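Peer 1: The whole structure should be built from the sequences, with the hints applied where relevant.
Each residue of the first sequence is one higher than the last, beginning at 1 in full-length UniProt numbering.
It is worth saying that the hints were derived from the structure and are not from the lab.
Predicted, not measured: the structure shown is a model, and the values here were computed from it.
Certain hints may be false.
Listed next, the in silico BS3-like pairs over lysine-lysine satisfying Cα-Cα at most 30 Å (straight line) [claimed, not checked]:
#1 LYS451 / LYS532
#2 LYS379 / LYS342
#3 LYS380 / LYS636
#4 LYS380 / LYS342
#5 LYS546 / LYS104
#6 LYS451 / LYS169
#7 LYS158 / LYS142
#8 LYS342 / LYS636
#9 LYS546 / LYS98
#10 LYS379 / LYS636
#11 LYS104 / LYS342
#12 LYS98 / LYS205
#13 LYS532 / LYS546
#14 LYS487 / LYS546
#15 LYS158 / LYS380
#16 LYS142 / LYS98
#17 LYS158 / LYS205
#18 LYS169 / LYS158
#19 LYS205 / LYS142
#20 LYS169 / LYS205
#21 LYS158 / LYS342
#22 LYS142 / LYS130
#23 LYS234 / LYS130
#24 LYS636 / LYS98
#25 LYS234 / LYS142
#26 LYS234 / LYS205
#27 LYS451 / LYS379
#28 LYS142 / LYS169
#29 LYS158 / LYS104
#30 LYS98 / LYS342
Pairwise CB distance ranges (calculated) [unchecked claim]:
#31 ASP306 / LEU138: 25 to 31 Å
#32 GLY407 / LYS379: 14 to 20 Å
#33 VAL471 / PHE555: 41 to 47 Å
#34 ARG534 / ARG249: 15 to 21 Å
#35 GLN274 / LYS379: 24 to 30 Å
#36 LEU591 / PRO350: 22 to 28 Å
#37 ARG534 / VAL404: 18 to 24 Å
#38 LEU612 / LEU154: 51 to 57 Å
#39 GLY560 / ALA667: 53 to 59 Å
#40 GLY765 / ARG293: 47 to 53 Å
Just so it is clear, CB atoms sit at the ideal spot from N, CA and C, and this is done for glycine as well.
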Amino acid sequence: MQNPPHAASRADGPAGSQGAGTSISARAMGALRPDAAAYLEGLNPEQRRAVETTEGPVLVLAGAGTGKTRVLTTRIAHLIATNRARPYDILAVTFTNKAAREMKHRIGALIGPAGEGMPWLGTFHAIGTKILRRHAELVGLKSDFTILGTDDQLRLMKQVILDQNVDEKRWPARALSHAIDGWKNRGLGPEQVPAGEAQAFAFGKGAALYTAYQARLATLNAVDFGDLLLLCLKLWRENPDILQTYQSRFRYILVDEYQDTNVAQYLWLRLLAQGHRNVACVGDDDQSIYGWRGAEVDNILRFEHDFPGAVVVRLERNYRSTGHILAAASGLIARNEGRLGKTLRTDDEPGERVTVTGAWDSEEEARQIAEAIERLQGKKHPLSEIAVLVRISAQMREIEDRFVQLGLPYRVIGGPRFYERAEIRDALAYLRVTANPADDLAFERIVNTPKRGLGDATLQQLHAYARAERVPLLLAARRLCETDELKPRVRSTLRALTESFSRWARSVETQPHSEVAQTILEESGYTEMWQKDRSADAAGRLENLKEFVRSMEEFPDLAGFLEHVSLVMEASEAEGAERVSLMTLHAAKGLEFDTVFLPGWEDGLFPNQRALDESGRAGLEEERRLAHVGLTRARKRAKLSFAVNRRIHGLWSSTIPSRFIDELPEASVDVVEAPAHFSAGASRFGRNPAPFGSSYGTPGWQRAQAAISGRGFGASAGGGRSGGPSGGPRQIEGELVAKSTGSPSAFQGGQRVFHTKFGPGTVAGVDGNKLTVDFDKAGRKMVLDSFLQPG
DNA sequence: TTTCCCTCGTTTTTT
DNA sequence: ACGAGGGAAA
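Peer 2: Given below as structure tokens:
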């Protein structure tokens with residue numbers, strides 16, 4: 001394999017017309033290729049260069065919508081098709097399981113089943129796990145180690161903090177967890193933490209806590225996510241021979257989303273890449289939005305320095321967005337200083353300009369968005385091609401409320417993950433103890449779930465015994481039941497539990513694991529617990545449990561299932577329905593939609609004040625990249641908006657439009673103004689609307705009304721259901737201006753009424769001029785009678 | 001052991 | 001405003 005048949009001369013493929021310096025034979029050879037390689041067709045010259053520069057380090061700077069995934073998958077197909085590598089010679093790492101799955105899928109489509117068997121295509125963590133299982137004993141583990149999720153991690157930290165006599169009030173487990181995660185992200189083991197930082201935590205106990213935490217993990221035969229990479233580094237550093245086998249095994253290395261790598265991942269890659277040095281990293285420094293969780297933009301900025309002789313390919317031709325959208329995004333991101341610099345361009349038409357709309361408050365903003373969506377819907381715009389991207393999840397509530405009122409179908413992307421739901425984690429804990437009786441953390445989670453009278457006191461006894469005898473909790477429980485240490489009632493409950501676990505463990509040997517799971521959930525009383533629960537979401541939880549058991553069937557055995565779960569914490573998404581998507585900007589990375597709404601462009605919210613406070617200019621630049629990501633999600637329409645008043649932590653505060661709005665290139669932006677114009681004089685977008693400075697407060701609703709009707713401020717562009725006729729008295733949420741006047745109402749219970757916002761309904765109760773109305777669509781609301789008409 | 005109340009925090013999220 | 005989690009009372 002030293003001389004592959006089609007050894008590429010240099011980067012210039014046949015498409016590169018810079019023939020100078022390319023040998024005749026090479027060109028002749030290239031001329032053959034288009035036939036031989038259908039998969040290369042349709043690639044532009046830069047993409048092709050990124051695919052065909054197979055030898056040596058390559059950095060592909062792939063702007064948004066420039067065909068990044070295509071390059072990555074084609075490159076793999078190319079390596080295999082030209083016999084440069086077999087599927088198992090290639091290491092391809094991604095960040096998310098979703099990305100890994102998609103890549104597998106697309107490679108399969110390109111080269112057929114040959115791509116199915118890429119054993120080393122996966123997330124950093126999945127590959128790290130695979131490697132660690134093979135050499136577990138060399139890093140002090142057994143090969144069936146468990147991978148702890150965040151909740152287990154936290155519980156462990158709490159124990160460690162307690163053990164070390166640190167005040168848990170002052171140094172909460174979360175903070176320790178944060179610190180340790182940070183160290184692990186930077187590739188630092190307990191001994192390598194800089195003394196200063198270790199000192200800073202808990203009066204110098206930082207290092208001791210870290211060490212103790214690792215020791216606890218080791219005794220539990222468990223690792224956390226950080227360890228999956230960190231322990232690989234340790235393994236390789238201490239065993240050069242093993243490192244070398246991996247270095248020579250991976251002839252070609254590919255990395256997706258390189259801008260998101262942290263230091264540990266970078267070190268991990270660098271060690272592996274030192275073998276063949278054929279490492280291709282694909283990323284976009286302008287889409288680095290995970291700095292807060294350890295991603296180092298520096299990794300991508302430093303690539304040429306770290307891999308001397310690297311070829312850098314820029315993909316700047318955008319196939320996604322229209323001209324104005326691209327211009328807006330480019331103009332914005334150009335304000336960042338720490339970037340390698342790319343200029344996206346498109347051959348597409350200029351299209352619609354990016355719109356900017358102001359609203360009086362966040363509720364009106366939500367109303368405007370919903371109306372705009374309904375208008376689009378009226379023009380046959382598919383809802384699945386519309387997305388609303390928010391900066392923080394708290395923004396979603398009002399928008400959802402509005403959608404619910406209108407009966408507009410939507411889905412929230414990136415909500416609580418399936419495997420993170422309490423009922424699923426509980427069920428998992430039962431399975432974990434069944435599969436591995438030494439899994440103390442899982443045991444602790446469910447000893448008293450459902451409630452069976454085994455509380456703290458009992459647990460303390462178990463712990464004491466377990467620690468003294470150096471046995472797992474379950475075994476400790478079993479032994480203590482044989483003594484008179486426990487109160488009779490506790491003893492019998494505990495004995496029943498331990499016996500159940502023994503029984504379940506036995507049945508795993510003989511029965512299908514999903515059936516065992518079903519049995520466990522029933523016999524333990526867990527299902528019953530939710531059946532008795534009267535809260536609203538109990539039914540959903542039971543549904544989830546069913547789905548959980550069903551999903552187990554896809555795996556060959558219990559161990560396989562548990563491994564999958566610990567690495568793949570994502571929701572099973574019901575695809576396909578015709579719905580608007582609602583998500584955070586972070587969750588939107590990698591997705592695209594025809595129309596994208598971007599609400600909440602207000603200073604303090606976006607750019608987020610906290611990001612600014614904590615990371616200064618770097619924070620601002622990351623926020624700006626986030627804005628850039630948001631804009632570049634749109635294919636045809638991007639609609640920005642801001643509200644001048646927003647409720648923050650329950651308090652109404654006035655806000656000013658985001659500085660990012662003023663950074664957009666004017667030529668690509670349309671300001672959608674209310675009929676009577678929204679601000680005279682001030683800057684282009686009505687920055688700092690004079691009459692309501694920061695002094696605006698809750699009692700000011702009178703002023704608010706005056707301002708709105710007087711200036712037409714933020715009146716919805718399309719009229720429609722939210723506002724009265726323009727110029728007339730504006731309606732604000734009935735609740736907000738609700739002031740009981742005491743004057744008797746013209747309405748009576750049972751009467752049919754109509755409300756401009758909520759539609760038709762029936763009066764359920766009367767209190768002065770405040771009415772309780774059961775609306776046909778919106779449910780029960782308190783409204784003022786002045787907003788109602790007899791129906 | 002359980003239940004109720006009070007305090008605290010509240011960007012973004014993967015594995 | 002609001003929910004989660006911890007501590008004190010039943």
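Peer 1: Given the hint that LYS379 pairs with LYS342, test it: the Cα-Cα distance must not exceed 30 Å.
Peer 2: 36 Å, violated
Peer 1: Are the Cα atoms of LYS104 and LYS342 separated by 30 Å or less?
Peer 2: 29 Å, holds
Peer 1: Keeping to a limit of 30 Å between CA atoms, is the pair of LYS532 and LYS546 held or broken?
Peer 2: 16 Å, holds
Peer 1: Taking only the CA atoms, is the gap from LYS169 to LYS158 under or equal to 30 Å?
Peer 2: 11 Å, holds
Peer 1: Between GLY765 and ARG293, is the Cβ distance one that fits in 47 to 53 Å?
Peer 2: 50 Å, holds
Peer 1: Within a Cα-Cα threshold of 30 Å, do LYS158 and LYS104 meet the stated pairing?
Peer 2: Violated. LYS158 to LYS104 sits at ~40 Å, over the 30 Å cutoff.
Peer 1: Measuring from beta carbon to beta carbon, are ARG534 and ARG249 in 15 to 21 Å?
Peer 2: 57 Å, violated
Peer 1: If you draw a straight line from the CA of LYS142 to the CA of LYS169, is it 30 Å or shorter?
Peer 2: 35 Å, violated
Peer 1: Hey, LYS142 versus LYS98, does the alpha-carbon distance stay inside 30 Å?
Peer 2: Since the Cα atoms of LYS142 and LYS98 sit roughly 29 Å apart, the hinted pair holds (cutoff 30 Å).
Peer 1: Could you tell me whether the CB distance from LEU612 to LEU154 stays inside 51 to 57 Å?
Peer 2: The hinted range 51 to 57 Å is violated for LEU612 and LEU154, with Cβ atoms some 28 Å apart.
Peer 1: Can you confirm whether the C-alpha distance between LYS98 and LYS342 stays at or below 30 Å?
Peer 2: Between LYS98 and LYS342 the Cα gap is close to 27 Å, so the pair holds against 30 Å.
Peer 1: Sort out whether LYS532 lies within 30 Å of LYS451, counting only the CA atoms.
Peer 2: 13 Å, holds
Against the hints set out earlier in the document, violations occur for numbers 2, 4, 12, 14, 15, 21, 27, 28, 29, 33, 34, 35 and 38.
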